[in-house]
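Undergrad: Residue numbers (the working numbering), protein chains in the order written: chain A, 1 to 114; chain B, 1 to 110.
The hints are simulated quantities; they were obtained by calculation from the structure and are not laboratory data.
Cβ coordinates follow ideal geometry from the N, Cα and C atoms, glycine included.
Hints may contain errors.
Unchecked claim - To spell it out: a stretch of chain A is covered by chain B in this simulated footprint if at least three of its residues, at any positions, have a beta carbon under 8 Å from a beta carbon of chain B; those stretches are:
1) 68–76
2) 102–108
Said to hold, decoys possible - Cβ-Cβ distance ranges computed for the label pairs, FRET-style:
3) B/14 x A/27: 36 to 42 Å
4) A/69 x B/10: 32 to 38 Å
5) A/112 x B/39: 16 to 22 Å
6) B/27 x A/28: 28 to 34 Å
7) B/39 x A/40: 14 to 20 Å
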Amino acid sequence: DVKVTQSSRYLVKRTGEKVFLECVQDMDHENMFWYRQDPGLGLRLIYFSYDVKMKEKGDIPEGYSVSREKKERFSLILESASTNQTSMYLCASSTRTGGNYGYTFGSGTRLTVV
Amino acid sequence: RKEVEQDPGPFNVPEGATVAFNCTYSNSASQSFFWYRQDCRKEPKLLMSVYSSGNEDGRFTAQLNRASQYISLLIRDSKLSDSATYLCVVRGGGGNKLTFGTGTQLKVEL
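Let's have the full structure, built from the sequences with the hints guiding it.
TA: Shown next as structure tokens:
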């Protein structure tokens with residue numbers, strides 16, 4: 001089974017802090033994605049990566065950056081956390097043609113910014 | 001207009017009932033279609049892909065109507081364990097990005 005592991009299940013951070021959310025997958029997948037999920041808004045794509053050191057903006061990249069130094073790891077960075085970034089963050093991965101087969105998600109990180 | 005639209009529900013049905021969810025998508029070039037299931041406070045998990053010819057997996061049947069840009073999911077003989085949110089998911093005309101609907105909540109009751 002593909003495993004996508006997110007480093008923290010719950011996280012509480014203060015406004016203005018720099019926050020790192022880590023995601024690791026163990027199936028040699030090329031594609032990795034970061035989403036946030038909010039009630040009534042569904043899943044919204046923040047950033048994605050199709051290869052090492054490659055990144056593309058999703059639909060809501062403002063206030064976020066990403067890093068993909070190794071194929072298995074995709075990090076989401078909140079440069080200066082704000083209360084409107086309180087959300088559930090979900091990492092996903094897929095094969096290069098994963099759009100045909102869907103994604104596998106990590107268990108999510110529930111981030112609260114106070 | 002949202003790319004993928006679903007009725008949010010909730011659908012409250014008795015155990016054993018048949019329930020159907022619908023979804024519409026706006027991009028006529030969309031190529032792949034899925035239903036995901038998400039339990040409360042958990043991650044989404046792939047339930048099934050949806051093919052033009054329609055496909056079945058046990059009690060679950062998915063249908064795609066490309067002309068109407070419409071996807072459906074039918075659940076027969078509902079179980080308590082089917083209670084979850086069902087997400088309609090579409091891959092657009094290019095790349096591997098998936099677009100998720102906001103989900104339809106199902107509650108199966110005794």
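Undergrad: Against each hint, give a clear statement of whether it holds in the structure.
TA: For each hint, the structure was consulted:
Restraint check on the region 68–76 of chain A versus chain B: 0 residues with Cβ-Cβ distances below 8 Å, three needed, restraint violated. Check result for the region 102–108 of chain A against chain B: holds, 7 residues qualifying (beta carbon to beta carbon below 8 Å, three or more required). Checked against the hint of 36 to 42 Å, the pair residue 14 of chain B and residue 27 of chain A passes, with Cβ atoms roughly 40 Å apart. A hinted range of 32 to 38 Å is violated for the C-beta pair residue 69 of chain A and residue 10 of chain B, which are about 43 Å apart.
With their beta carbons about 21 Å apart, residue 112 of chain A and residue 39 of chain B fall inside the hinted range of 16 to 22 Å. Restraint check, residue 27 of chain B to residue 28 of chain A: a C-beta distance of roughly 30 Å satisfies the suggested window 28 to 34 Å. In this structure, residue 39 of chain B and residue 40 of chain A meet the distance hint of 14 to 20 Å, their C-beta atoms being roughly 18 Å apart.
The earlier numbered hints that this structure contradicts are 1 and 4.
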